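> Numbering (my numbering), first residue to last: 3 to 228.
Hints were generated in silico from the structure; no laboratory data involved.
Every value quoted in this text rests on a predicted model; they were computed, and no experiment measured them.
Backbone N, C-alpha and C fix where the C-beta goes; we use that ideal spot for every residue, glycine too.
Calculated pairs, BS3-like style, for lysine-lysine (alpha carbon to alpha carbon, straight line, at most 30 angstroms):
id, residue 1, residue 2
1, Lys-210, Lys-151
2, Lys-210, Lys-91
3, Lys-152, Lys-91
4, Lys-91, Lys-151
Derived CB-CB ranges, DEER-like:
id, residue 1, residue 2, range
5, Leu-192, Val-85, 45 to 53 angstroms
6, Glu-211, Asn-23, 41 to 49 angstroms
7, Gly-208, Ala-120, 41 to 49 angstroms
8, Glu-211, Asn-102, 21 to 29 angstroms
9, Tyr-228, Lys-115, 21 to 29 angstroms
10, Lys-91, Leu-132, 36 to 44 angstroms
11, Tyr-87, Tyr-200, 26 to 34 angstroms
12, Tyr-228, Lys-122, 20 to 28 angstroms
13, Ile-25, Asp-155, 53 to 61 angstroms
14, Ser-181, Gln-140, 40 to 48 angstroms
15, Gly-43, Glu-205, 20 to 28 angstroms
16, Thr-56, Tyr-194, 21 to 29 angstroms
17, Asn-88, Ile-220, 39 to 47 angstroms
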Amino acid sequence: MQLYILIAFSFSISQPLSAQNSIAFLAGTGLPVSGLNDWYGAAPVIGLQYVISTDEITKIIMEFHYQNYGGGSIADRDFRWVVDYNNYKSPAANANMNWNDFIVKTRKYFPNKTRSFAGKMLQPFASYGLGLYNYTHQVSGLIYPGQSKKPLDTEYLLDPITDRRVAWGGNIGVGFDSSLGQNVSLALDLTYNAAIGYLRSFEDWGLKEVMPLQFLTIGIGLNYNY
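Turn these sequences into a full structure, and let the hints guide you.
Written out as structure tokens, the structure is:
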């Protein structure tokens with residue numbers, strides 16, 4: 003990860019001083035998809051971008067964003083105990099997942115597709131990039147389902163698990179931005195992210211292994227240009 007950040011930093015300082023740069027503050031929503039949504043629902047996303055304009059239609063963006071998925075669905079799931087074929091929930095079950103991601107992406111604008119809306123000019127763009135997706139997944143409080151003697155001991159729990167990984171990944175997105183003044187603009191985008199990581203399966207609770215990890219982000223960025 004240090005090498006990746008060094009490359010990105012070296013790229014940024016090599017840009018001509020005449021290039022217009024900006025800093026953007028992000029807020030939005032993360033939407034798990036493709037199996038990750040079996041575990042978690044939508045969660046807030048916050049982030050920060052450093053943006054370099056390399057020409058009239060191209061920007062290079064270095065982005066950090068954070069999101070935390072809480073209230074994992076496993077807390078509401080039950081398992082069927084093979085000894086008596088009854089279903090049991092784990093009262094203390096809990097799962098959460100947080101992300102700290104650093105990505106570098108290229109944003110391309112389409113000047114000939116610019117549109118006017120409510121008195122503002124909307125400039126559409128598409129983006130693509132690569133990054134490091136640092137995630138921590140924690141699951142705890144599950145009753146051990148492999149017990150063989152009645153009655154079921156609800157105090158006999160599986161050991162808590164914590165998976166921490168840094169995974170390579172990629173993203174593609176679309177959106178538009180609009181000027182709010184001489185030095186301020188607003189960007190709205192939808193981005194698909196895929197990281198080469200996984201969540202282990204909990205098949206007794208109907209949760210299969212998830213790989214790769216995929217989510218959408220819908221974000222609004224407030225840009226200060228200088």
